[in-house]
Amino acid sequence: MALTNLTFSKHGEAYVSDPVQLQSDAGLHLEFTSEDKNNRCALFQSMTNVNYVPFGSYNNVGSTIDVAITGVIPGMYIKVQSISQPTLAKILVSE
Numbered sequence: 454m455a456l457t458n459l460t461f462s463k464h465g466e467a468y469v470s471d472p473v474q475l476q477s478d479a480g481l482h483l484e485f486t487s488e489d490k491n492n493r494c495a496l497f498q499s500m501t502n503v504n505y506v507p508f509g510s511y512n513n514v515g516s517t518i519d520v521a522i523t524g525v526i527p528g529m530y531i532k533v534q535s536i537s538q539p540t541l542a543k544i545l546v547s548e
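If you use the numbering used here, the sequence shown corresponds to residues 454 to 548, in order.
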């Protein structure tokens, strides 16, 4: 397993990560500068790296979120979206 950086860019009113292709279950860790109670995070998945669909949503995130991404089909792609820009974004993936 390797802990790697996630890169986010601004898309409209939200920040969206670059896609990550997973080979097995993974772990997501995000940190934000403040405990913004309006911050929300959403996870999106795609088998083709096109036309992503939501599969997880977290409201009132606060300053840190740690999430296990389970039930992964090897080869699927995920993206993460948040209202606030993460100051630290890591994903734990199989190499």
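Among these hints, one or two may not hold up.
Below 25 Å or equal to it, Euclidean Cα-Cα: the simulated SDA-like pairs (lysine to any residue) are [unchecked claim]:
| # | residue 1 | residue 2 |
| --- | --- | --- |
| 1 | Lys463 | Gly524 |
| 2 | Lys532 | Arg493 |
| 3 | Lys463 | Asp519 |
| 4 | Lys543 | Met454 |
| 5 | Lys543 | Leu496 |
| 6 | Lys463 | Thr501 |
| 7 | Lys463 | Ser510 |
| 8 | Lys543 | Val469 |
Using C-beta positions, here's what the derived DEER-type ranges look like [unchecked claim]:
| # | residue 1 | residue 2 | range |
| --- | --- | --- | --- |
| 9 | Gly465 | Glu548 | 32 to 38 Å |
| 10 | Thr486 | Glu548 | 27 to 33 Å |
| 11 | Val525 | Thr460 | 35 to 41 Å |
| 12 | Asn491 | Met454 | 17 to 23 Å |
| 13 | Met454 | Met500 | 18 to 24 Å |
| 14 | Ser547 | Glu466 | 29 to 35 Å |
| 15 | Gly465 | Ser547 | 29 to 35 Å |
| 16 | Thr517 | Met454 | 27 to 33 Å |
| 17 | Gly528 | Ser487 | 35 to 41 Å |
Keep in mind that the hints were calculated from the coordinates and are not lab data.
C-beta: ideal position from N, C-alpha, C; glycine also.
Results for each hint:
no., hint, verdict
1, Lys463 - Gly524, "violated (28 Å)"
2, Lys532 - Arg493, "holds (14 Å)"
3, Lys463 - Asp519, "holds (22 Å)"
4, Lys543 - Met454, "holds (12 Å)"
5, Lys543 - Leu496, "holds (14 Å)"
6, Lys463 - Thr501, "holds (22 Å)"
7, Lys463 - Ser510, "holds (19 Å)"
8, Lys543 - Val469, "holds (13 Å)"
9, Gly465 - Glu548: 32 to 38 Å, "holds (33 Å)"
10, Thr486 - Glu548: 27 to 33 Å, "holds (31 Å)"
11, Val525 - Thr460: 35 to 41 Å, "violated (20 Å)"
12, Asn491 - Met454: 17 to 23 Å, "violated (33 Å)"
13, Met454 - Met500: 18 to 24 Å, "holds (23 Å)"
14, Ser547 - Glu466: 29 to 35 Å, "holds (33 Å)"
15, Gly465 - Ser547: 29 to 35 Å, "holds (32 Å)"
16, Thr517 - Met454: 27 to 33 Å, "violated (20 Å)"
17, Gly528 - Ser487: 35 to 41 Å, "holds (37 Å)"
In this structure, the hints that do not hold are numbers 1, 11, 12, 16, in rising order.
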